[in-house]
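Visitor: Turn these sequences into a full structure, and let the hints guide you.
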Amino acid sequence: KTCDVARFEDHSRPFHGKHRTSQFPQAVLNVTEFFNQVSPTFAGLGGICLHRDISAHNILVDDRDGILKFTVIDFGLAVDSKKWRQGWRTEGVGGDARYWSPAHWQMIAYGPKYVEASGGNAALY
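Number 97 in my numbering belongs to position 92 of the sequence shown; there are no gaps in the numbering.
These aren't lab readings, by the way, just hints derived from the structure by calculation. Any given hint might turn out to be false.
Ranges of calculated distance between the beta carbons of each label pair, as one might list FRET restraints [to be verified]:
(1) 52 x 105: 26 to 36 angstroms
(2) 71 x 106: 35 to 45 angstroms
(3) 29 x 119: 17 to 27 angstroms
(4) 113 x 69: 12 to 22 angstroms
(5) 29 x 114: 38 to 48 angstroms
(6) 60 x 93: 13 to 23 angstroms
By construction, the Cβ of each residue, glycine as well, lies at the ideal position given by its N, Cα and C atoms.
Guide: Set out below in structure tokens:
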């Protein structure tokens, strides 16, 4: 999809006929602040563990003082980053199976060699 940037930035006109974009600049600032806050933590954890489940329901936002403070929770699917880099194809499959890619199911049914040989599916795993 494409969007006319001038129309997107024009706060006086609705976007797609429903929503206004007046909050977009603030949303960009909020996302930037999120990454500024959590990136150093994950850079430090990178040699220890990988979270594997960064999603909206695992991010807490505290804005009681008018200052956004972000916390990432639920390390239930976290894995040892050193072991995971070698063993991701065969161990540590987790999470809700409703959200698994086809490659996950192929891995279970046929093994890692099948997924590697099937080309693009390995990237989805």
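Visitor: All hints, please: hold or fail.
Guide: Verification of the hints:
1. Distance hint for residue 52 and residue 105: a CB-CB separation of about 27 angstroms, consistent with the stated range 26 to 36 angstroms.
2. The hint said 35 to 45 angstroms for the Cβ distance between residue 71 and residue 106, and at roughly 40 angstroms that hint holds.
3. Evaluation of the 17 to 27 angstroms hint for residue 29 and residue 119 yields a failure: the beta carbon distance comes to about 44 angstroms.
4. Between residue 113 and residue 69 the beta carbon distance is about 45 angstroms. The supplied range of 12 to 22 angstroms is therefore violated.
5. Range check, residue 29 to residue 114: about 44 angstroms between beta-carbon atoms, so the 38 to 48 angstroms window is met.
6. In this structure, residue 60 and residue 93 meet the distance hint of 13 to 23 angstroms, their C-beta atoms being roughly 19 angstroms apart.
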